Amino acid sequence: MSPLTLYQLVALILLMAGLFGISQRRSLVGMLISVELMLNGAGLSIVAASQLTPANAMLGQLGTLFVMGLAAAEATLVLAIIVVIARRFGTTKTSVVSTLKG
Amino acid sequence: MENIAKIVFGFYTLIILGGSLVAVGAKSLVRAMVGLIATLMGVAGMYMLLNAQFMALMQILIYVGAVCVLIFFAIMLTRADAGGEEADSAPLRQNLLALTAVLSVGGILGWLVLTRPLATTGTPVEVSIENLGLGLLGPYGLAFELISVVLLVSMAGAVLLAWERRNGK
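Heads up: the protein sequence lines correspond to chains A and B, in order. Under this note's numbering, the first residue of the first sequence carries the number 5, and numbering increases by one thereafter. Under this note's numbering, the first residue of the second sequence carries the number 201, and numbering increases by one thereafter.
Hint data in this document are derived by calculation from the structure and do not stem from the laboratory. Please note: incorrect hints may appear among the correct ones.
Sample of chain B residues at the chain A side, in silico, Cβ under 10 angstroms [unchecked claim]: (1) 208; (2) 212; (3) 232; (4) 252; (5) 266; (6) 309; (7) 314; (8) 348; (9) 354.
Just so it is clear, the structure is predicted and the values come from calculations on it, not from any experiment. Backbone N, C-alpha and C define an ideal beta-carbon position, used for all residues, glycine too.
Here chain A stands alone, though its shape is the one from the complex:
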């Protein structure tokens, strides 16, 4: 098994953990943590694929840097949304916040 395959499998583990968390967690903060796990898996996969193949290594590292920046922006916005929801509903449980459910 080549080193690249091993790195891709680790990234796949991160993706699977994040996917399980986001569909099973019942609070918004827990879902945010799972999203960060998935984004990390994507970054690891990109860097491994660009460092270990003849592809442009600089492009891979810069792409992962942008993924990190987007993750930071996303975490900022999700924090603000969680604060607003906590103020309006008094809790961040996803089962309570279901006004749009109909």
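For this one, chain A is given, so just place chain B on it according to the hints.
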């Protein structure tokens, strides 16, 4: 891979595995966040192993330094008592459905990764920090400017959303 690299790789994989299990399964959100930090450290070690030192540094700086502090603020600001939010565990049916989704996606992707290996060069290439900076200022300058606009807009949006009006309107 050399033998020592294999050992270090296994060590980081164990850290990532344990950390992500804690991050996903812990009842207390603070513990889940500590698991997330362990996972991020493990991924930073993987970047080191891939000869991308700058990425490892940025991983610790941005994720552990910024994102995890933000998550901690989110935990505190929602006044979630340490064990309250996730104390009642999800029903079995939801767990089974989540497991089905994860196994189907993971099975397909894992099958693809295992049966279609890419041609690798074996040893990771090294990109100097100077080249990364020149890339950001040269060919990828537009993306660099756009990500700064995205960060500015998200910051302004967060302030606007969370602004507390003090007297009536």
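Evaluation of the provided hints:
1. Because the beta carbon of residue 208 of chain B sits about 12 angstroms from the nearest beta carbon in chain A, more than 10 angstroms, this interface hint is broken.
2. A hinted interface residue such as residue 212 of chain B counts as satisfied when its beta carbon comes closer than 10 angstroms to some beta carbon of chain A; here the least separation is about 8 angstroms, so the hint holds.
3. The interface hint given for residue 232 of chain B is met, as the beta carbon of that residue sits about 5 angstroms from the closest beta carbon of chain A, less than 10 angstroms.
4. The interface hint given for residue 252 of chain B is met, as the beta carbon of that residue sits about 6 angstroms from the closest beta carbon of chain A, less than 10 angstroms.
5. Checking residue 266 of chain B against chain A: minimum C-beta separation of about 5 angstroms stays under 10 angstroms; hint holds.
6. Nearest Cβ of chain A to the Cβ of residue 309 of chain B: about 6 angstroms, under the 10 angstroms cut. The hint holds.
7. Residue-level restraint check for residue 314 of chain B holds (minimum Cβ-Cβ distance to chain A is 7 angstroms; threshold 10 angstroms).
8. The beta carbon of residue 348 of chain B comes within 8 angstroms of a beta carbon in chain A, closer than 10 angstroms, and the hint placing it at the interface holds.
9. Using the Cβ-Cβ criterion of 10 angstroms, the hint placing residue 354 of chain B at the interface with chain A is satisfied: the shortest such distance is roughly 4 angstroms.
Consistency with the previously given hints fails for number 1 only.
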